[in-house]
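*Asks:* I would like the entire structure built from these sequences, with the hints used as guidance.
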Amino acid sequence: MEFKNEIREFIGENLLIDDENVTFTDDDNYFQMGFVNSLFAMKLVDFVEQKFDFEIENDELDIKNFSTINNLVELIQKKLKNK
Amino acid sequence: MEKDVEIKCVVWDLDNTIWQGVLMEGSNVSLMPEINEIIKTLDSRGILQAIASKNDYELAIEKLRELGLEEYFIYPEIHWDAKSFSIANIQKNINIGMNTILFVDDQEFELEEVQTAHPEVTCIHAKEYKKLLDNPRLNPRFITVDSARRRKMYQDDYIRKQAEKEYKGPSNAFLATLNMKFTISEAGEEDLKRAEELTVRTNQLNATGVTYSYEELNVIRKSSQHKLLVCELEDKYGTYGKIGLALIHMLEDHWKLEMMLMSCRVVSRGVGTVLLSYIMKEAKKQNKYLLADFRDTGRNRMMNVSFRFAGFQEKFSDGQGTYVLENNLENIQEYPDYIELYIK
Numbered sequence: 001m002e003f004k005n006e007i008r009e010f011i012g013e014n015l016l017i018d019d020e021n022v023t024f025t026d027d028d029n030y031f032q033m034g035f036v037n038s039l040f041a042m043k044l045v046d047f048v049e050q051k052f053d054f055e056i057e058n059d060e061l062d063i064k065n066f067s068t069i070n071n072l073v074e075l076i077q078k079k080l081k082n083k
Numbered sequence: 001m002e003k004d005v006e007i008k009c010v011v012w013d014l015d016n017t018i019w020q021g022v023l024m025e026g027s028n029v030s031l032m033p034e035i036n037e038i039i040k041t042l043d044s045r046g047i048l049q050a051i052a053s054k055n056d057y058e059l060a061i062e063k064l065r066e067l068g069l070e071e072y073f074i075y076p077e078i079h080w081d082a083k084s085f086s087i088a089n090i091q092k093n094i095n096i097g098m099n100t101i102l103f104v105d106d107q108e109f110e111l112e113e114v115q116t117a118h119p120e121v122t123c124i125h126a127k128e129y130k131k132l133l134d135n136p137r138l139n140p141r142f143i144t145v146d147s148a149r150r151r152k153m154y155q156d157d158y159i160r161k162q163a164e165k166e167y168k169g170p171s172n173a174f175l176a177t178l179n180m181k182f183t184i185s186e187a188g189e190e191d192l193k194r195a196e197e198l199t200v201r202t203n204q205l206n207a208t209g210v211t212y213s214y215e216e217l218n219v220i221r222k223s224s225q226h227k228l229l230v231c232e233l234e235d236k237y238g239t240y241g242k243i244g245l246a247l248i249h250m251l252e253d254h255w256k257l258e259m260m261l262m263s264c265r266v267v268s269r270g271v272g273t274v275l276l277s278y279i280m281k282e283a284k285k286q287n288k289y290l291l292a293d294f295r296d297t298g299r300n301r302m303m304n305v306s307f308r309f310a311g312f313q314e315k316f317s318d319g320q321g322t323y324v325l326e327n328n329l330e331n332i333q334e335y336p337d338y339i340e341l342y343i344k
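Chains A and B, in that order, give the protein sequences. Using full-length UniProt numbering, the letters of the first sequence correspond one by one to residues 1 to 83. Using full-length UniProt numbering, the letters of the second sequence correspond one by one to residues 1 to 344.
It is worth saying that the hints were derived from the structure and are not from the lab. Each residue gets a CB set at the ideal place from its N, CA and C atoms; glycine is no exception. Take these hints with a grain of salt, some might be off.
Computed list of lysine-lysine pairs in DSS-like fashion (alpha-carbon distance at most 25 Å, straight line) [said to hold, decoys possible]:
| id | chain 1 | residue 1 | chain 2 | residue 2 |
| --- | --- | --- | --- | --- |
| 1 | A | K64 | B | K288 |
| 2 | A | K43 | B | K161 |
| 3 | A | K43 | B | K92 |
| 4 | A | K64 | B | K222 |
| 5 | B | K315 | A | K79 |
| 6 | B | K315 | A | K64 |
Which residues of chain B face chain A? A partial, calculated answer using Cβ under 8 Å [claimed, not checked]:
| id | residue |
| --- | --- |
| 7 | S268 |
| 8 | G270 |
| 9 | Q333 |
*Replies:* In structure tokens:
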């Protein structure tokens, strides 16, 4: 699961978190921890689409699929399998 | 239809376009007749102007300063790279659509090079420059306070971006240094020209892409069933002007967000999400559920993503890009600490 680290890194770099020292696990909902604005949301979707070369459909743009690293990894795996 | 899109930025060449002569071949260049007036008039109409010139940067800027025109241009691209590259930089820096850029040059080669790389850019030969002021795409229907000070706002933005680059901490800490004040108020009659302008100019964060005229907005504003909200943002560098709009249809058991947009200039400030949170909280307070209209315009995916990530789900789709979304209002994002919110 080498891409999990890249996702962690991307989120760590782009999410606006008040406290620099805050850490989160792969099951933490980072939407509840930082302030997620439109630009971050769009960047995250773009990042995943470009990295894995697929398009995320409207019904997959559910916050649940993106709110934790594990959920996002699950979505990516599902989409890669069906490609 | 694309041809009718308003031009937001005119990109000028310098040698034999803004001035007669070639700067590098000696400094005896003089302004083209009437060019001074044309540049100043476009500026007063709220049309941004930039430069794409193959020249020596220092010399060219010095010359513009001497001619009293330097302040009228933002993001000058003065170097020896291809002009298509300059145009791409300008487009990225201002964050506008390619189809809203008009490029003026005296050399066929440059016009063609740009046109090939960016088919959506309107390219005009410099010999046609005197006709620019009469071009309908350079004549916005209204000149608002915000359009007249648009260049100034972009120049403030440039300073902000420089400050942001120099600021090494996490971006939230940077945002906190801006002392942002975000005001949401019900639209008054004086806001309507700007509101119309916003519906025409905004693409990325625009829920429906529907444009509304002054007259339509005025009817909506007076309707007791509707709420028309305008947003203004300012920070320590100055005001961004009126940058956001929302139209809520208030019905018996629910509210319907029929239009929402936020200017691309403030997209990294998180204020679109603040406006959405505010509307969600208000609807919840009134015990109404919330619907929102969304229409895929091909350019507003960011708005779609924002809605979905704010918990909106599809309730209806006509299969052709028009959706009604619904939010159960169970999870509403709190306002960020770095913005002071004022409700008027």
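*Asks:* For every hint, state whether the structure bears it out.
*Replies:* Evaluation of the provided hints:
1. For a cut-off of 25 Å, the pair hint linking A/K64 to B/K288 stands: about 24 Å separates their Cα positions.
2. For the hint linking A/K43 to B/K161, the alpha-carbon distance of about 19 Å falls within 25 Å, and the restraint holds.
3. Only pairs whose Cα atoms come within 25 Å are accepted, and A/K43 paired with B/K92 is accepted, the gap being roughly 15 Å.
4. With a C-alpha separation of about 40 Å, the suggested pairing of A/K64 with B/K222 is violated against the 25 Å cut-off.
5. As the CA atoms of B/K315 and A/K79 are separated by approximately 24 Å, the hinted pair is consistent with the 25 Å bound.
6. Distance restraint check for B/K315 and A/K64: the Cα-Cα separation of roughly 17 Å lies within the 25 Å cut-off, and the hinted pair is therefore satisfied.
7. Satisfaction of the interface hint for B/S268 is found here, the shortest Cβ-Cβ separation to chain A being roughly 5 Å, below the 8 Å cut-off.
8. For the restraint placing B/G270 at the interface with chain A, the shortest Cβ-Cβ distance is roughly 3 Å, inside the 8 Å limit, so the hint holds.
9. Hint on B/Q333 holds. Least Cβ distance to chain A is approximately 7 Å, under the 8 Å limit.
Taken one by one, the earlier hints fail for this structure only at number 4.
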